[in-house]
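Keeping their order, the protein sequence lines are chains A and B.
For the first sequence, counting from 1, position 278 maps to 278 in our numbering; every step adds exactly one.
Throughout, our numbering is defined as the position within the second sequence, counted from one, plus 1000.
Do not rely on the hints blindly, as some may be mistaken.
Claimed, not checked - Computed cross-link-like contacts, SDA-like style, restricted to lysine to any residue with a CA-CA straight-line distance of at most 25 Å: (1) A:Lys192 with B:Ser1193; (2) A:Lys158 with A:Val101; (3) A:Lys192 with A:Asp129; (4) A:Lys192 with B:Pro1099.
Claimed, not checked - Partner residues aside, some chain A positions facing chain B, computed with beta carbon under 10 Å: (5) Arg134; (6) Asp184; (7) Lys192; (8) Arg200.
Honestly, the hints are just simulated from the structure, not real lab data.
Quick caveat, the model's predicted, so the values are computed rather than measured.
Every residue, glycine too, gets a C-beta built ideally from N, C-alpha and C.
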Amino acid sequence: MTSVLVPDSPSPAPAAVRTRRRRGSSTLARAARTRRGAIGLALVGIVVAIAVIGPFVAPYSPTAFVTSPFAAPSGSTLLGGDVLGRDVLSRVLAGGWLLLVMASAATVFGVVVGAAAGISAAYLRGSTDGLIMRSVDVILAFPSLVFVLLLVSIVGPKLWLITIAVGFVQAPPVARVLRSATLDLSERDYVKAVELQGMRPAKVMSSELLPNLVSPLMVELGLRLTYSIVIMAGLAFLGFGQPPPAPNWGYMIQENRIGLSSNPWAVIVPAALISVLTVGANTFTDAIARVVIGVERQGDDATLASTLGLGNLP
Amino acid sequence: MTAVLDDLPDRGGRHACAPPLLEVRDLAVCYRRGRGRVVRAVDGVSLRLERGETLGVVGESGSGKSTLAKGIVRLEAAAGSIRLNGTELAGLGESQLRPLRRQVQMVFQDSLGSLNPRRSIGQTLTEPLLVHRLASSRVAWQRAADLMARVGLSPELLHQRPGHLSGGQRQRVNIARALASEPGLVIADEPTSALDVSVQAQILSLLQDLQRETGVGYLFISHDLGVIRRMASRVAVMYLGKVVETGGRGRLYERPLHPYTRLLMRAAPRPDPGQQRQQRHAPIPGEVPSAASPPSGCRFHPRCPMAREVCAVEEPGLREVAPGQLSACHFAEELLELNTSGALPSPASTTPAP
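Could you build all of it, start to finish, from the sequences and the hints given here?
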């Protein structure tokens, strides 16, 4: 009997395992099964596939000069040439993965920092709450792109710095959302019960509160990913990304826009990929949010959006 | 007032020097509402509870019973003295309080809300032991299984989430959790109010059995006089943040010495049809006033059929009217002479105070 009860025994009761698995994945799985979620996931999937597989299937090196500047599409260069006569298709295929990796890393960093700040502020209350939330207000007062540019111009356009900076500006809105979600939870009797047992605040937050905040966290991850991509692409457009010969969707828009009339594909394709990725991530996030709130029927969109902070851009 | 409380007979017949399990003096819990307005939800309550004893706290909703409980366990900031086994808890910081926490546990009314929906029953039950490092994970899980058996549940349920259990099962889990750290005192805040009557009876029996086995003391909070009568050996009646009457169960039910207690007993529906015919179920007129602006003088006077001029002016203190029975009514002696729990004397003066 006891072997069944001990949690680290090799074969715990199958029922418990099944419940846990289903709960953990159900929100995502259910979101993917909605029409909205399926479309969003497909859009993200297409762009991710291009970014990941692209570098291996590119016909040319992204830095090789294979045609004349802004050459129109031809048989050998399907999307024509860019400002320096490099193959646009090859640069598009090779220029996405770093954007995705950096945006994802920034998002995870931002959500982790923001969640930690928001949960601590709500649970510890008092001066901790005041300090954290006032800092959040201060950071939110800056336009996020300006804030990142400021940091980057001080330290220099290091990729790690851009990643951290982009993550950092995502943290305040995450902190706000998680704070309000935690405020509601921390009044529950089960939190009182573990406090009565003498559980330390750090443990209460990590093992009692956090598991009940998975849903808002998932929504925030998706939402912040969208913003990270936009900010990252914007930074690259402004020249803060990998240093020039390296391909980058954001920077491609910037360097090729002077040739828009001769070879528009050099601008349209990277811009479209960024748009599709953003729209896809946003749509899938919206699907998650709908599943979380339980409004898969035609609900009040405005209320839903404001509940999860989906309405306002940073 | 507190001096009188100390003279209460020691029911356990224990050594006179042994400190009581719980001794609360002049406990006050205040909330700040808006600008500068202070609500005294619990106002100067003194209680005493011996080891293995059950003290029932009864009152209408809004009387401050639950706030009293939260004040005692310091979930709410409270002024006054709280002595647990002679150790003063008031003024201790949370870190000093932490090692003492295992000695007092609580059972909440909402059996679902008091269990974390994302954690299994086993995780919930092992936590008290793991928090205080009383046992390894393996031992804690075995002990959780023992606890489950003791509260009459199958250890198979340890792997379930609270949502899969019935209300009665969940409340058994809550009781098991409260007892896991082997506390001397369990505060039960309306533990059966949300349950079916049949389940309610089972849970009450379980609590009584566990008290017999472990010698735990209960501070049992309920609005239900019948439940309190069954569970408590002594009773404290609360009204608007104050104790208005306290005494041994037998005496208090037989001959209440505060008009509020009398009305509360008349308001309670009786299962005995004979008695019911004799005395109609009579609700107490009016509603509990807001604790934000309590009435002047005796807090009960606007609803009291016995109220006279003095009641609106002077606040009566809790004093011993009969041996071991304390009442906070100016005219408790008159009630003592009446000797029956039935009708209330009409006020000597013409009209009740406004």
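Indices of hints not satisfied (ascending) = 5 and 6
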